[in-house]
Amino acid sequence: MTGYILRRLLEVVPTILLVLTLVFFALRIMPGDPAVAALGEFAAPDAIDRFREKLGLNQPLYAQYFAFLAQALTGNFGNSMNNGAPIGDLLAQALPYTIALALAATAIGIAIGLPLGAMTAVHRGGKIDAFGRFFALIGFSLPDFYFGVLLLLAFSLHLDWFPMLGGGKGFLDQLHHLVLPAITLGLVMAAFVMRLTRSSLLEVLKRDYVRTARGKGVAEHLVIFKHALRNALIPVTTGMGIYLLTTLSGTITVELVFSRPGLGTLLIGGVSARDYTLVQAGLVVFAFFVVVVNLATDLLCAAIDPRIALR
Amino acid sequence: MNVPIGKLTAIGGGLSLLLILLAAFSPWIAPLDPLDQSFLTANQGPTAEHWFGTDAFGRDVLSRVLFGGRVSLAIGILAPLLSALAGIWAGMLAGYLGGWTDRLLSRSSDLLMSFPTLLLGVMIAAALGPSFQSAVIAIAVALFPRFVRLSRSATQVVRREPFIDASIAAGRGTASIVLRHVLPNIAGPLVVALSLWIATAIRLEAALSFLGLGAQPPAPSWGNMIRDGMSDLVGDPWPAAFAGAAITISVLAFNMVGDALRDLLDPETGL
Amino acid sequence: MSLLEVDDLRVHLFTDRGVVKAVDGVQFSVEAGRSLGIVGESGCGKTMTALSLMRLIPEPPARIVSGSIRFDGEDVVTMSPDRLRALRGNQIAMIYQDPMTSLNPVFTVGEQIAEAVRLHRRDTRSAAWTRAVEVLHLVGIPDPDRVARAYPHQLSGGMRQRAVIGMALACEPKLLIADEPTTALDVTIQAQILELLRRLQGELGTGIVLITHDLGVIADLVDDVIVMYAGKLVERAPVRQLFAAPRHPYTSGLLRSVPSLDIRERRLATIDGTVPPAHAMPNGCRFNPRCTLARDICHEQEPPLVDVGNGTMAACWAPL
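Chains as they are written, first to last, in this note's numbering: chain A, 89 to 399; chain B, 9 to 279; chain C, 791 to 1110.
Just to be clear, a hint being listed does not mean it is correct.
Said to hold, decoys possible - Simulated restraints, written as ranges between beta carbons of each label pair:
1. B:Leu272 / A:Ser360: 24 to 34 Å
2. C:Glu1090 / A:Phe222: 46 to 56 Å
3. A:Phe259 / C:Glu849: 22 to 32 Å
4. B:Pro225 / A:Leu94: 50 to 60 Å
5. B:Trp108 / A:Leu98: 32 to 42 Å
Claimed, not checked - Taking lysine to aspartate or glutamate and the EDC-like style, the derived pairs with C-alpha atoms no more than 16 Å apart in a straight line are:
6. C:Lys811 / C:Glu849
7. A:Lys294 / C:Glu864
8. C:Lys811 / C:Glu821
9. C:Lys964 / C:Glu901
10. C:Lys964 / C:Glu864
11. C:Lys811 / C:Asp1014
12. A:Lys314 / A:Asp296
13. A:Lys294 / C:Asp798
14. A:Lys314 / C:Glu901
Rather than coming from a laboratory, the hints here were simulated on the basis of the structure.
Even for Gly, the Cβ is constructed at its ideal location relative to N, Cα and C.
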C-alpha cells in the first residue's frame, strides 16, 4: 500500500508540470496584447512599456515560462493586472467559498444518490426504480445553472426562504447562503451517483460471491449492504471522484447564478476584464484541484479494493 | 423497462429532428425579428402577441428562443461532429498501430480526460477570448479525448479479429483496412456516444454562453438569454425560463436518442 | 425419515424467449451419513438442482414451480426466510463450483469463514477466527494463519477452492452439497479432499450430495447415483449396480465414454449428437434423438421412472 501511494504521488509531478505548461501556452495564444487590454487602447506607449516590464512580458518566452512555473509552484502569482491587488489574497478569499460549495454539493449528492441507487437496484422494476429513472433523466438533462435559476426564482424571490445574493457574513448566514447553490449542484450530482450505484450494484448482485454469502445464512440486508455494496462502491468511488470535478467546474456557473463569491466568479471576472494574470492564476488553481482530486480518488479506491494496491 | 425501446428512440429522435428544423427555419417561423427592440412592450409576460413574452429591451422571447436555437444547436452539433471526426481517426490509429502512436495519444487524452468538460471548455474559451468560434473549438477539444479513448478501445477489440490479419496478408494498406474493416465495426458505440455527447455539448454551449464565453450579444443564444434574464429575474423571469426550458428539452431529446440506441446495441447495461 | 427427501422437484427459468424447464420432476433422498452423486452433462440441470436444495437459485429468472425438498422433515420450498437463513451455512452447506468467483474479493478468506461461524454459533470474534484457521488446516492448507489473512486474489485457484470447502465445513453441516468440488484441484489434493469428505461422512454422519461429471470421483465416494438428462432424472441406482449394469442407454453411453487413463479430461464423446436446446425438446423421451435403441413409443410418450430391479429405477421404455 505504501509503495502504491508513493508511486501514485510520483506520477503527479509530470502531470502537474504538463498542466502548467499547457496553461502557460494556452494563455499566450490569447488574442490581443494584455498590456493594451489592461491599460486601454489609448494608453501612452511608455506606460504600456512600463506595464510590460512590470509583468515581465518583455522577457523572452522561456524566461516568462520559468518565472510562471516558479510562481505557480510557490503559489505567489503576483498582482492583479487590473486593480493591483495581490492575486494570492484574492484566491485565498475566494477559495473557501468554492470549496465549501463543492463539498456541500458532493455531500448532498452522495447522501441522496447512494441510498436511492441502492434502493432502485434492489427493487429493480418497481415504483422506486421508475422514480429513479425519471430523476436520472431530469438530472442528466437539466443544466445545473438553469436549475439554480429556477430554485432562485422559487425559494428566494417568491418564497423568500433563502437570501438571494452573495456569500453571507458569519457562519450561520454563510450556511444560509450555501443551501440553494449546494442543492442545485447536489441534486444534479445525486442523479449521477444514483445511476452509477444502481448499475454497479445490479452487476455485483449477479456475482457468485453474493450467492456464497446467502448460502452462509447472511441476512438479506447484510448481503446487500456488506457483501455487495462494498464491491459496488469501487466503481462508484471512481465515478464520484470524477464527478466531484464536474461539480467543481459547476461551481463556476452556479456562483454566477447566485452572485456568490468564489473561484469561478474570480476567474470569469478576470476573463471579462482581460486580467491576464488573474485568469492564469485561476486556471492553475483549478488544474491543481483536478490533479489533487484524481490522486485522492485513486488512493480512496485502493483503500476500498485490496486488489488495486498490489497491481 | 416498461416503454419499448423503439418508442423512446422515435420520441427522442422525432423531438431532436423537430428542434433542429425549428432552429434551421427560424427566420421563416419566428413571428418577429429577434433583435427588434421596443421599450413600450418591454418586460411583458406571455401575451397573445408575444407567446413567450418580451425581454428587458422589448424583444420577442419566442423569436429569440427560435433564433437562439440556431446558435446553440449549431455549436452543440457542430463541435461534437468536428471532435468525432478528429477523435475517431486518432483513436483508430492509436488502437490499430499501437506502440508509440498509441502511447502518445492515449497519455495525452488521459490527461485531457482528467479535466471535466466544462472546466476544459472554460479554460479554452477564456484563453481564446469569447466568440462563436472559440465556443466550438473549446467544446470540440473538451470532447476530443473522449472520442479518442472510445474508438481506440473499440478498435483494439476489432484489431484482434482474424479478418484483419487476413486483410494484412492480402496486402491491404493500413488506411484502407481501418476505413473498410475497423470503422464499420466500431460505428455502433460511436453513434451512441455521438448522440450522448451532442447532449453534453448543448449543455456546455449553454454554460459557456451563460458565462459570457460563447456567442456574443446581441445575437441570441439560449445561454446568453439566461445571462441577460438574470439582471431582472424578479420583474421578468420569462426569457430565462423559456431559454432554459429550450436547453433542457434539447438535452433531453438527444439523451433519449443516445440511451435508446445504447439499449438497442447492448440491452444488458442500460438503465 | 431421511435427512433429505426431494420429491417431484421442478425448477423453471422464465426467460424472454420462453419457459425453460431446467429441472423437471426430480426425486431422490439422502440418508444421514450416506452420499448421493448427481451426474450428467453440463446443462442437464444438476447445478440448478443443487442450488434449489438451499433455495439459492437466481430468482428471477428461476423459480421452483412445484415439488418439495424435505430436510429433516421440514420443507425448504415453503420455509420462512428466517428459518432458511438459520439452516443455510449451518445445517446445509454448499461447496461452489467456481473458486475464482465464489469468494468475495474485498474480504480476507479468514473473515469470510469466520462470518459463517459467527452467524450460527454465538462465538466471540477471536473464537470464530480460530475456528476459521482450524478449518483451513483441516482442508490441507499448509500455512492456515497466513492464508486466513490473505485476500482471495492473493491465493491460487487450488487454495481458493480449499478455502471454499473449508467455509462449507466450518459449522459441521448435516448435509453438504458439493458442486464439482475438486475440478480445480490437482490429483493429489483431489484425493485429500475426497478423503476428508469421507471422514466427515463417517465421523459426523454428514449426508453428502455430490454433483460432478467426473465418474471417477463418483465411484470413489458416493453410495447412490442419479443420472440427469435435459432436466429429467433418467436413472437412479446404487453406485456398484450403476457401474456394473447401467439400465438406461444414456447412462451406458456415459460410462462407455470414460477414457481409462486420463482422469482429468473426460469427454462424453461416444454418445452421438448433443443435448437438444431447451426450447426444442423432442416429444416422448428426451434422449430419443441420440438413442440407438429408440422405438416408436420413445417418440410418442415420456417414459416414467420405474423400478427395474436390483434397487435400480430407470426412465426408459426399453431398459438394457
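Outcome of the hint check:
The hinted window of 24 to 34 Å between Leu272 of chain B and Ser360 of chain A is violated, with their beta carbons roughly 45 Å apart. A hinted range of 46 to 56 Å holds for the C-beta pair Glu1090 of chain C and Phe222 of chain A, which are about 54 Å apart. At about 52 Å, the beta-carbon gap between Phe259 of chain A and Glu849 of chain C misses the expected band of 22 to 32 Å. Range check, Pro225 of chain B to Leu94 of chain A: Cβ separation about 52 Å, and the 50 to 60 Å hint holds.
Separation of Trp108 of chain B from Leu98 of chain A is about 23 Å and departs from the stated range, judged on CB atoms against 32 to 42 Å. Of the supplied pair hints, the one linking Lys811 of chain C and Glu849 of chain C holds, its CA atoms being roughly 14 Å apart against a limit of 16 Å. For the proposed pair Lys294 of chain A and Glu864 of chain C, the alpha carbon gap of about 29 Å is over 16 Å, so the pair is violated. Restraint check: the Cα-Cα separation between Lys811 of chain C and Glu821 of chain C comes to about 27 Å, which exceeds 16 Å; the hinted pair is violated.
For a cut-off of 16 Å, the pair hint linking Lys964 of chain C to Glu901 of chain C is broken: about 23 Å separates their Cα positions. Distance restraint check for Lys964 of chain C and Glu864 of chain C: the Cα-Cα separation of roughly 14 Å lies within the 16 Å cut-off, and the hinted pair is therefore satisfied. Between Lys811 of chain C and Asp1014 of chain C, the direct Cα distance comes to roughly 25 Å. Violation of the 16 Å bound is thereby established for this hinted pair. Between the alpha carbons of Lys314 of chain A and Asp296 of chain A the distance comes to roughly 15 Å, so the proposed pair stays at or under 16 Å and holds.
For the given pair, Lys294 of chain A sits about 28 Å from Asp798 of chain C by alpha-carbon distance, which is inconsistent with the 16 Å threshold. For the given pair, Lys314 of chain A sits about 12 Å from Glu901 of chain C by alpha-carbon distance, which is consistent with the 16 Å threshold.
Checked against the numbered hints given earlier, the structure breaks hints 1, 3, 5, 7, 8, 9, 11, 13 and satisfies all the rest.
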